[in-house]
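Number of protein chains: 2
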Amino acid sequence: MRATVIHGPGDIRVEDRPDPRVEAPGDAVVRVVRSCVCGSDLWPYRGVRETTAPHPIGHEFIGIVEEIGSGVTGVRVGDFVIAPFTHSDGTCVHCANGITTSCVNFGVWGGKSTDGSALDGAQGEYVRVPFADGTLVAVPEQPDATLYPHLLTLADVLGTGHHAARSGNVREGSTVVVVGDGAVGLSAVLASARLGAERIIAMSRHGDRQDLARRFGATDVVAERGKDGIAAVEELLGGIGADSVLECVGTKESMRQALGATRPGGSLGFVGVPAGEPELPMPYLFSRNLRVAGGIAPVRPYIDELLPDVLSGAIAPGLVFDLTLPLEQVADAYSAMDERRAIKVLLDPGA
Amino acid sequence: MRATVIHGPGDIRVEDRPDPRVEAPGDAVVRVVRSCVCGSDLWPYRGVRETTAPHPIGHEFIGIVEEIGSGVTGVRVGDFVIAPFTHSDGTCVHCANGITTSCVNFGVWGGKSTDGSALDGAQGEYVRVPFADGTLVAVPEQPDATLYPHLLTLADVLGTGHHAARSGNVREGSTVVVVGDGAVGLSAVLASARLGAERIIAMSRHGDRQDLARRFGATDVVAERGKDGIAAVEELLGGIGADSVLECVGTKESMRQALGATRPGGSLGFVGVPAGEPELPMPYLFSRNLRVAGGIAPVRPYIDELLPDVLSGAIAPGLVFDLTLPLEQVADAYSAMDERRAIKVLLDPGA
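Sequence order for the protein chains is A and B.
Here full-length UniProt numbering is used: the first residue of the first sequence is 1, the next is one more, and so on.
Here full-length UniProt numbering is used: the first residue of the second sequence is 1, the next is one more, and so on.
These are computed hints drawn from the structure, not numbers from a lab.
Because the structure is a prediction, the values reported are computed rather than measured.
No false leads were slipped in.
Now the stretches of chain A that chain B is said to cover, found in silico as 3 or more residues with beta-carbon under 8 Å:
1. 91-105
2. 236-245
3. 261-271
4. 287-294
Computed from the model, here is a short list of chain B residues facing chain A with C-beta under 10 Å:
5. 98
6. 267
7. 285
8. 295
Some chain B residues well away from chain A (every beta-carbon gap over 12 Å; in silico):
9. 69
10. 90
11. 235
Note that CB positions come from ideal geometry on N, CA and C, so glycine has one too.
Kindly produce the complete structure, drawing on both the sequences and the hints.
Right, here's the structure in full:
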């Protein structure tokens, strides 16, 4: 098969790789119908995270089940499936608690499983899926191709934005600030609107992202940052910070921004992968009674909650994709996102 | 009046101070019926926190309203009242949000109000209470003296333990670990039991405190600390940490203990005043999807929730008091707590 391999900073190639096959009774092999590039893929691309050896990359895909192992009962050959960005067994205590990202049988596509075996990347033609019953979600009917972008967001960004909103305690009537205008931040705006937030302030300096934020339900946009950004938020909210602030970047600066925009007694939901080592200042949290929650999003259980709204068209999260390229042009997809010419790029292995 | 003044480490004196009087229309003057010594009072007593100038001390009291200003409508002369450890106006946006400890008109007894005026300490005969309507809670009837210790816990420790439990998301059926066996930690055990926790593990190395923890609802006691303590907790809970861990100390070590005892996706409630600068490691929180919440407890609204259970005898939080002394012996009260001869000392200004 053809699949994407990262060799080092700026070095993304599509190569011939062995066709995946069922290796264990719980495996499925899925033919990838659509994949995409994630903001976190840019970290090794930019050299922020080191690539010690070439490896497959990409962790978001939807596709069709091609083959199943003898132990698989939850999906059948021919099913159209959504794959969360991690595999999980669905049966351990952490899965039972809804934290599939802490599953004892865990792995991220393109990385390694907890048993040490290498996993295919999602930016390719096929993926072997261990623990298929715990991992894959079959769409009830074969979806129309117009739904593909929206369904693909369930693999990561929509679930991650939803995790930010849930962790940040967004509810009916909440005031919300979203820090970060990438695909996850925009998805957090959408998720907040879906949960009934009354006021949603998107912090963004880019016109196209501001427009999409408003389309997703943002009531206000704040372009300022730092102290000016906090002052602008407080002016919009009658002199105090927001009930809920969603941190969707992961830098020290964005966390500081988020902490400053949270009202006393408010909640900060974080899903930005911590870059470097931002730490949370206890005395500040203590004096203001802040609640801070979040992490790597357990999107698997969220798919059950969000899929009906995607299928019904109640939400259109796939609008975060503003460029579609064939798999063979994946290097262009990375550079377009790196240079901010695209918010998020959809990849079509069949094109 | 007679009132306690701290002059420096180990130097606690009862002195003659001016009788408080109504200074503003919203003031009340309360005659103190019972006061007590808090674990946090030991910080300046031990020199951990500097005492730059002598000042009145003590922040927990119950008493009888002696005089009210012309603007006070919520309490009447003769009412038996509970005073939270902070005053608050009850009308600002933060009070409306339930975070009375962030009130724009805030002050802690023995310290200064936000307008800069000095506040009487609670370890004395009388206290002037600004914003009496927002601050004081009148008990419906004159309580029997046997209820005094229980009512006094509503001023701080019971509300603070309850805040730990609420912040730590304790609910029906939860597994809970309480780090800290002082009066607040013991109150957190009681609050967790009241909220329906199924399993409550008290971390304590002192026999008398272990006994009281069990009486308050602890199902298990773990005497080990550090990695051994975490291992003991996990052994009790089937291999994982607790749903809720309540940090009731405030040191770097106790926070590390609490973080280590929280299961993936679990909640950590903290009410221990941060000593030094423990900071929260973001990558750890992120990878385990932890929720961390807490701070200086807004006990004023909690009194409404907890008072009925105190009056009915459903809970007996005043058992944390294991020594009662007359006000004139307040120095003995401090040394008894400093030397761990007492968990918490009740002071009787009328004795």
